[in-house]
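*Asks:* In case you want the letters, here they are:
Number of protein chains: 2
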Amino acid sequence: MKLSVALIALNIAASALAQSVTSPDVAPDGRVTFRLWAPRATSVQVHCEGVKASEMEKNDAGVWSLTTEPLQPDIYAYSFTVDGVKTLDPRNPLIKYNLLNIDSQVHVPGPASLPWEVNDVPHGVVHHHFYKSAIAGDERDYYVYTPPGYDPAQARRYPVLYLLHGYSDAADAWTSVGLANVILDNLIARGEARPMIVVMPLGYGTMEVVTGGWGRLRNRNLWQTNLEKFQKTLLDEVLPRVDAAYKTEPRREDRAIAGLSMGGAESLLTGLNSLNQFAYVGAFSSGGLGADFSKDFPGLDKSANAKLRLLWIGCGEQDGLFAPNQRFCDWLTAQGIHHAWVHIPGQHSFRVWRPLLAKFAPLLFQEASGSDPNL
Amino acid sequence: MKLSVALIALNIAASALAQSVTSPDVAPDGRVTFRLWAPRATSVQVHCEGVKASEMEKNDAGVWSLTTEPLQPDIYAYSFTVDGVKTLDPRNPLIKYNLLNIDSQVHVPGPASLPWEVNDVPHGVVHHHFYKSAIAGDERDYYVYTPPGYDPAQARRYPVLYLLHGYSDAADAWTSVGLANVILDNLIARGEARPMIVVMPLGYGTMEVVTGGWGRLRNRNLWQTNLEKFQKTLLDEVLPRVDAAYKTEPRREDRAIAGLSMGGAESLLTGLNSLNQFAYVGAFSSGGLGADFSKDFPGLDKSANAKLRLLWIGCGEQDGLFAPNQRFCDWLTAQGIHHAWVHIPGQHSFRVWRPLLAKFAPLLFQEASGSDPNL
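Going down the list, the protein sequences come from chains A and B.
Residue numbers for the first sequence follow the numbering used here, beginning at 1 and rising by one.
Residue numbers for the second sequence follow the numbering used here, beginning at 1001 and rising by one.
Any given hint could turn out to be false.
[Stated by the list, open to error] Partial selection, computed: residues in chain B whose CB lies under 7 Å from chain A: (1) Leu1114; (2) Val1118; (3) Val1125; (4) Phe1130.
Simulated from the structure, these hints should not be mistaken for laboratory data.
Backbone N, C-alpha and C fix where the C-beta goes; we use that ideal spot for every residue, glycine too.
Make the full structure from the sequences, and use the hints.
*Replies:* The following block contains the structure:
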């Protein structure tokens, strides 16, 4: 009896201790302290983007901790490994959602001028749509950002950016992790980007390519089916729905397509093979094209320059996909196809894709509508 | 050199093993097998709603597992505890998001007639809004569900249900966990509920009440400030924005308010004290009213019956808040205030709130609009 009371008291104290832990703890100079209450664990590591150190140290109360060097203002993904098992930070509601790999995130705040900082500016709305896809054979979703001031009751129409997520992401990745809505709000408020609609579809032609886990990436046939069916869901299902439900300018010179990683490959495959639909094409850290680009883009040559208002290839310089992207740019050059090749420091991460979107979006739809002689 | 190669090979094999684990694994008879790869752990438990067993057993490959008895079709929250540390199921993307306590979820599928099963019926849209609250002093969000067929370009107007989440939830709880949009889609498709707009605001008057953790619940002054400021954000900020942006019927007889737990208390406090704004009031497993109901509802008496088209109190029979809810119903009876008191088996869980919403929504807005003699 006494023992069980003592055990209950101990459990309550332990639970209170677990809940008194603050993590992540961001100091004004950008140092981040990660903490985890795990008295019975024998080793705990923290794996945080941009941080080399990982071994955490335990104090007498069973709380493991690690303090980083000062970090640049940014949003960093991290997780703990407790005796070999990955866990989220239980004290932190800011997560990086993903179908295969959920992480925690820490926001080291920076000046209001950073593209992803939420500012007191007019905000757009993010609309979540659901439909039954005849092509993919499943119930699926897509998101639509409408800019501040968008009013379906008014006549004004807007250009549209189709923005595609990467492999293992869900359809919400560009808003909930990439903060595309925040980035657009800020650019529009500063007059640096034209008000635009942004459509963020589910980027899989077949969910089988992701529900089976990373191993499915080795199945080249499945990958091709995925890419081809995705293009059909986008062009035959999502695009007509968006043009019917929103005040879009439904013309190629008011339509852009861009994406990250798998979504970068999808943007190139969809955009460059459908120039009657898109005048602007962007690819951030793209991955998943075939070895022979001429097979992915049959007949693509310099005649495309007359239709392409922008072809923009971006990548992080420490990304494993940097070399293939450079190789693709070399191939474009050999074909005489105009393009921009933009690289910034960074790996295969939203820490690169948020800045790339902030560089790319201001370049869109800057020519006067309706003046395209190539239609 | 050889050793490090062997270690790398071992790590790759281990990682492949971790990724080959299937969890949760739902059998056709409703048995669920939970699995976690944790070869170095000394004890692993799974805590799943509706399941008594928790101790998992390890096999020779370091995979811990537990198989349940057959579970009723439903959506169950669960988590693992590895050597005392709570973790999500790393193999499962279905999570129950929450500001203080993120869990995994397992869906045991059932017949299409269950309110929360996604069916091939017309789907509404969920709109995510962001604004700077002058009352709360922060940037915050709310969600708006528009029913299938809603068209801002047409004249048709819709009644509105304000639907409030519980303590520790974020503004997305009623859609991402409660599946309110799926439930409404299904009810509307079957003709069992009137097409309506559902507004799901952030339910905190001050974020301090939740960012500080569960301990803040003991601070009665902070709790009162939270409840009062929430009502002001709802009535002075969210409601006018919704009536301006959507095709609402902006009248009390076309407006309902309901919520769960803290949101139940907020619905009662807001609705019963603002009968000039709401004709329908619902509270699911409500918690957080004061000890003296006459102080929370000054002047509320049977004269309210003429204005109230529905006052609906629901609760799970195994909920710790069942007794206080029954006591509140007794108080209503003593005041002569008509109400429904609905209880179903279950605890303080979305397993109760999804069915309660499915019972409540069909009762709303069934009287012809504009016929209220009490305006």
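*Asks:* Does each hint hold? Answer for all of them.
*Replies:* Now for the hints, and whether the structure bears them out:
Given the 7 Å rule on beta carbons, the hint for B:Leu1114 is violated: about 15 Å separates it from the nearest Cβ of chain A. Nearest Cβ of chain A to the Cβ of B:Val1118: about 5 Å, under the 7 Å cut. The hint holds. Because the beta carbon of B:Val1125 sits about 5 Å from the nearest beta carbon in chain A, less than 7 Å, this interface hint is met. Restraint check, B:Phe1130 versus chain A: the minimum CB separation of about 4 Å is within 7 Å; hint holds.
In summary, the one numbered hint that this structure violates is 1.
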